[in-house]
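What follows is each chain in one-letter form.
Protein chains: 4
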Amino acid sequence: MFFLKKNDLFSTFDIVSHQNSKANWKDKLHEIIYEADTPAGKLFDVILLIAILASIILVMLESISSFDVKYHTFLDISEWVITILFSLEYIARIISVRKPLKYIFSFYGIIDFLSTIPKYISLFLAGTHALVALRALRLLRVFRILKLARYLGASNQLANAIKASRAKIAVFLFAVLIAAVIFGTIMYLVEGEENGFTNIPKSVYWCIVTLTTVGFGDIAPATPLGQFIATIIMILGYGIIAVPTGIVSAEYTKADSENKNKFTDEELEHQKNLQLNTQCCVNCLAEKHQDGAEFCHKCGCRLHHD
Amino acid sequence: MFFLKKNDLFSTFDIVSHQNSKANWKDKLHEIIYEADTPAGKLFDVILLIAILASIILVMLESISSFDVKYHTFLDISEWVITILFSLEYIARIISVRKPLKYIFSFYGIIDFLSTIPKYISLFLAGTHALVALRALRLLRVFRILKLARYLGASNQLANAIKASRAKIAVFLFAVLIAAVIFGTIMYLVEGEENGFTNIPKSVYWCIVTLTTVGFGDIAPATPLGQFIATIIMILGYGIIAVPTGIVSAEYTKADSENKNKFTDEELEHQKNLQLNTQCCVNCLAEKHQDGAEFCHKCGCRLHHD
Amino acid sequence: MFFLKKNDLFSTFDIVSHQNSKANWKDKLHEIIYEADTPAGKLFDVILLIAILASIILVMLESISSFDVKYHTFLDISEWVITILFSLEYIARIISVRKPLKYIFSFYGIIDFLSTIPKYISLFLAGTHALVALRALRLLRVFRILKLARYLGASNQLANAIKASRAKIAVFLFAVLIAAVIFGTIMYLVEGEENGFTNIPKSVYWCIVTLTTVGFGDIAPATPLGQFIATIIMILGYGIIAVPTGIVSAEYTKADSENKNKFTDEELEHQKNLQLNTQCCVNCLAEKHQDGAEFCHKCGCRLHHD
Amino acid sequence: MFFLKKNDLFSTFDIVSHQNSKANWKDKLHEIIYEADTPAGKLFDVILLIAILASIILVMLESISSFDVKYHTFLDISEWVITILFSLEYIARIISVRKPLKYIFSFYGIIDFLSTIPKYISLFLAGTHALVALRALRLLRVFRILKLARYLGASNQLANAIKASRAKIAVFLFAVLIAAVIFGTIMYLVEGEENGFTNIPKSVYWCIVTLTTVGFGDIAPATPLGQFIATIIMILGYGIIAVPTGIVSAEYTKADSENKNKFTDEELEHQKNLQLNTQCCVNCLAEKHQDGAEFCHKCGCRLHHD
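Chains as they are written, first to last, in the numbering used here: chain S, 1 to 306; chain W, 1 to 306; chain X, 1 to 306; chain B, 1 to 306.
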């Protein structure tokens with residue numbers, strides 16, 4: 001299609017109409033499946049969303065044994081319906097992209113495959129059916145479909161705040177982990193196997209349970225010295241919970257005020273629009289195209305317009 | 001009180017003063033029940049507050065079986081006294097409003113009905129008495145009576161901060177929920193039924209208990225791999241608790257400083273007064289009238305003045 | 001020390017120096033007990049601090065039955081020594097103040113009395129000895145002795161921040177309480193007595209345990225619906241924990257920046273000194289006198305100087 | 001490497017180049033072990049890091065009794081290999097420093113000794129082997145090796161924020177501790193031994209578990225009054241968790257903005273470089289030398305350069 005550009009003097013859109021019907025059909029499919037700007041695309045997204053939620057609920061109901069016994073046939077049929085729908089979607093996604101391998105080995109491609117295949121395998125191999133539960137990972141697609149990011153506010157202060165404080169929080173959590181290993185080892189020496197601290201990994205697990213103020217109580221110190229050290233760990237955990245919170249809120253305030261200085265209101269509005277644009281390149285699946293963009297900003301392939 | 005205004009030449013509101021004495025009696029009742037500017041209105045609010053608290057305490061005492069056995073007659077009589085008082089209040093509220101249906105189907109109208117009716121039904125049908133406990137919802141009225149909102153500070157920075165960060169926190173909690181479903185499913189596969197993770201919904205419930213750092217301990221991972229994943233979930237929960245806190249405190253600081261720039265001290269004082277005005281339209285129950293307002297800003301109906 | 005001032009021509013405070021030696025002895029005692037500017041006063045404070053800590057540790061050791069059985073005589077004698085010391089201190093405090101009743105019925109006066117008397121009563125009445133544990137309240141004096149407030153930073157931003165957000169946090173906690181009553185009642189209806197929710201107060205208690213993310217696990221929902229509602233309560237608790245934190249940190253930042261604008265560095269230094277001044281009026285026990293002040297700012301009585 | 005400087009006419013440090021080859025060999029060793037600027041130094045650090053992690057994992061595996069029984073010989077041999085490696089490192093560290101005692105009695109020196117010696121002692125004395133677990137403390141060295149501090153951001157706002165709020169948080173935690181003692185004592189009086197509150201220290205331990213929102217549930221109030229007091233403690237803990245968080249985030253914001261005013265971008269860049277410089281004085285082990293520094297800023301001893 002790029003060759004058509006050669007003859008083009010003024011019009012830049014003639015070429016699209018010269019594409020053969022097969023390519024058009026594929027492009028249309030791409031538009032429906034990967035984008036959400038057309039009514040058909042929106043409808044597809046809504047149906048997909050409902051199908052994903054239905055499949056998750058199905059998996060949940062199946063896991064409740066009393067329910068599974070009662071309605072086994074119904075659940076099995078529904079499961080097959082969903083599986084076939086997802087298989088069709090998976091095939092359609094592969095067909096409509098110019099570089100199918102790029103989709104197949106993308107994050108969502110692998111998830112889509114893993115959430116479809118277990119049902120087929122379960123025909124030959126027993127026990128693998130439980131892997132259907134991996135379908136829960138498809139929930140991540142909800143983020144893309146609902147475009148939840150845009151609710152997080154214009155110009156993504158939150159994302160910036162988290163990005164800016166990511167390294168700090170990582171180091172912080174790493175420090176928490178080291179503290180957990182050290183205190184866990186000490187607790188193992190102090191409490192010993194008879195009080196539930198049967199080995200160091202379990203003791204470290206207990207320590208994290210305590211430091212994060214979760215406190216299951218499945219293991220709890222029984223000796224006075226162990227309880228004393230537990231007290232120190234808890235107060236430590238209570239004191240340091242302030243640090244990541246402090247980091248994020250400070251970075252958030254900063255990102256917010258910096259944003260205000262850097263961008264005019266017009267630019268912020270523009271940024272917001274950028275996020276709402278759902279176009280997706282037919283060739284390389286790149287996103288975040290500008291409104292009115294004619295070509296993909298990544299691979300130079302032409303974008304669709306209605 | 002309206003008669004004083006009758007002789008006013010420039011007054012254009014003569015009609016109001018021509019209302020018959022019955023309407024006046026109704027208006028007075030409206031003033032007592034719905035407003036708190038007159039001594040009678042204040043007294044009514046205080047009595048209502050005490051009655052609500054007493055009714056809650058009664059329901060609580062009744063639920064303690066050892067107490068119920070001992071003082072059954074006393075509790076039953078008190079319950080009837082409260083129920084009749086609430087019924088009278090309910091009828092008075094209906095009578096004193098011009099558009100009773102508006103009250104009946106309002107939020108508080110439904111709660112008032114639901115907290116009165118179960119006792120009557122319990123005469124004919126056994127077992128419905130437990131619904132009396134729904135009376136706890138009447139506690140929400142305490143907010144209106146005590147006008148707690150005004151303690152939250154002039155110009156409602158807090159409300160603005162929460163409103164501004166509402167969408168963000170909602171998306172955030174939604175993300176937490178999706179993480180809970182995914183991790184819950186993984187934990188179900190890892191731990192299995194023998195360790196208490198009997199089905200996926202229960203596993204998701206456990207995951208939320210852990211992510212929110214509540215940690216009941218009614219279910220706890222027993223396998224090393226399960227404990228390892230639990231560790232990741234806890235540290236994740238510990239790390240992300242910083243995000244909503246950061247959002248709220250940043251928004252709060254922002255709302256605070258924006259407020260300072262937008263409004264002069266006089267305007268803030270005025271806003272505060274607006275919140276303290278307890279007038280409530282006789283016709284449409286609209287609130288937040290300005291001091292000295294003659295007509296309802298919603299339906300144009302005349303407001304009362306002493 | 002007052003005699004040095006006698007010859008002062010312009011002094012108008014001659015009367016003070018005419019007090020008899022008994023008053024002077026009392027004043028000295030007052031200075032030692034209530035103030036910390038003289039070496040003797042400091043020594044007294046340090047000894048009192050050690051005595052309080054020792055008495056707390058004694059009470060703790062006594063409560064450990066295995067320890068009490070072994071060292072009963074030693075603990076009993078130590079207990080009597082501490083009690084007699086505290087009694088002497090109590091009497092000395094009464095003697096050295098001009099208005100003893102003011103001390104006796106002050107907060108610390110009542111605590112001092114309650115932490116001394118149980119041991120004497122235990123001679124006549126068995127069982128009252130446990131009240132010795134009330135001595136823990138004397139720990140509050142540690143704050144005054146160590147003057148911990150000054151570590152909280154010049155100009156008391158923290159105190160201001162807490163004071164400014166006190167009403168808001170109170171309303172907030174009140175809202176949490178109402179939510180706990182409503183959700184507690186619902187959980188009682190849903191879970192019922194067979195799952196540990198034996199009555200509404202217990203159900204409300206469970207609800208607060210959950211909302212505050214403490215999560216003991218002594219009571220835990222067992223029905224799917226109950227677990228679903230518990231999930232909502234937990235996510236609610238997780239979301240709203242952000243609010244008081246946001247309030248405090250915003251107020252703290254505000255108090256901090258306002259302070260900077262309001263006061264010069266000199267004034268801040270002065271404020272700090274004010275906090276470190278430990279003088280305490282002989283007559284009315286008022287504190288926070290300025291450096292170099294001659295008279296009490298509350299009752300006009302002369303202050304001591306070395 | 002020093003020979004390159006020999007011909008320098010203006011150099012006044014000729015003496016250094018006259019050191020005998022033995023000293024040079026020691027200096028080289030010092031550079032490899034204590035610094036990370038040379039390839040050899042980096043390699044040493046990476047190997048040490050792997051060895052420490054391997055030793056921690058070994059200790060953990062050994063503590064799992066089922067694993068220890070199966071692979072006892074393998075674990076024992078690996079343990080000896082690690083111990084001998086650590087011993088060699090310990091000796092090398094002592095040899096390569098000019099003042100060995102300074103290293104031996106430094107924090108890391110003591111940890112290195114304690115993590116090496118237990119294995120040797122276990123040859124003569126049984127039971128001391130468990131102390132090998134103290135090796136977990138060597139994990140602290142990871143901080144130095146990975147130079148994690150630099151991820152915490154240029155100019156150390158976080159460190160400043162924590163330093164600035166350290167005293168406040170300490171006082172705050174002290175207040176929490178006093179509250180725990182007082183409430184713990186009250187709970188001991190209220191609940192008594194029959195409900196798990198067997199003595200005051202245990203009761204105080206429970207109180208800290210509750211105040212910090214950990215909530216193990218190993219001890220839980222059973223009487224209505226005890227549950228009521230527990231409710232107060234929990235709401236208190238929920239309310240005050242806001243304070244340290246507020247302090248840290250306010251201080252962090254402050255440190256951040258002060259930093260911006262105080263330092264130019266160039267200075268911040270310089271500060272960052274300072275932190276990345278890993279040179280370590282051969283004589284006194286001082287660190288944080290400036291880039292291009294010739295002499296130790298602490299003891300004046302010459303620094304190495306490649």
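The set of hints was computed from the structure by calculation and includes no laboratory data. Misleading hints may appear alongside valid ones.
Note: identical chains are not told apart, hence a pair may lie in one copy or across any two.
To be verified - Here are the computed lysine to any residue pairs in the SDA-like style, where the Cα-Cα straight-line distance is at most 25 Å:
hint, residue 1, residue 2
1, Lys168, Ala179
2, Lys163, Val142
3, Lys42, Arg98
4, Lys168, Gly196
5, Lys163, Ala175
6, Lys102, Val81
7, Lys99, Leu123
8, Lys70, Thr223
9, Lys168, Ile240
This one's a predicted model, so the numbers in the text were calculated from it and none came from an experiment.
To see whether the hints hold, each was checked on the structure:
{"no.": "1", "hint": "Lys168 x Ala179", "verdict": "both (16 Å within a copy, 22 Å between copies)"}
{"no.": "2", "hint": "Lys163 x Val142", "verdict": "both (22 Å within a copy, 24 Å between copies)"}
{"no.": "3", "hint": "Lys42 x Arg98", "verdict": "within (22 Å within a copy, 46 Å between copies)"}
{"no.": "4", "hint": "Lys168 x Gly196", "verdict": "neither (34 Å within a copy, 36 Å between copies)"}
{"no.": "5", "hint": "Lys163 x Ala175", "verdict": "both (19 Å within a copy, 17 Å between copies)"}
{"no.": "6", "hint": "Lys102 x Val81", "verdict": "neither (27 Å within a copy, 47 Å between copies)"}
{"no.": "7", "hint": "Lys99 x Leu123", "verdict": "neither (31 Å within a copy, 65 Å between copies)"}
{"no.": "8", "hint": "Lys70 x Thr223", "verdict": "between (49 Å within a copy, 19 Å between copies)"}
{"no.": "9", "hint": "Lys168 x Ile240", "verdict": "both (13 Å within a copy, 13 Å between copies)"}
This entry does not satisfy hints 4, 6 and 7, going by the numbered hints stated previously.
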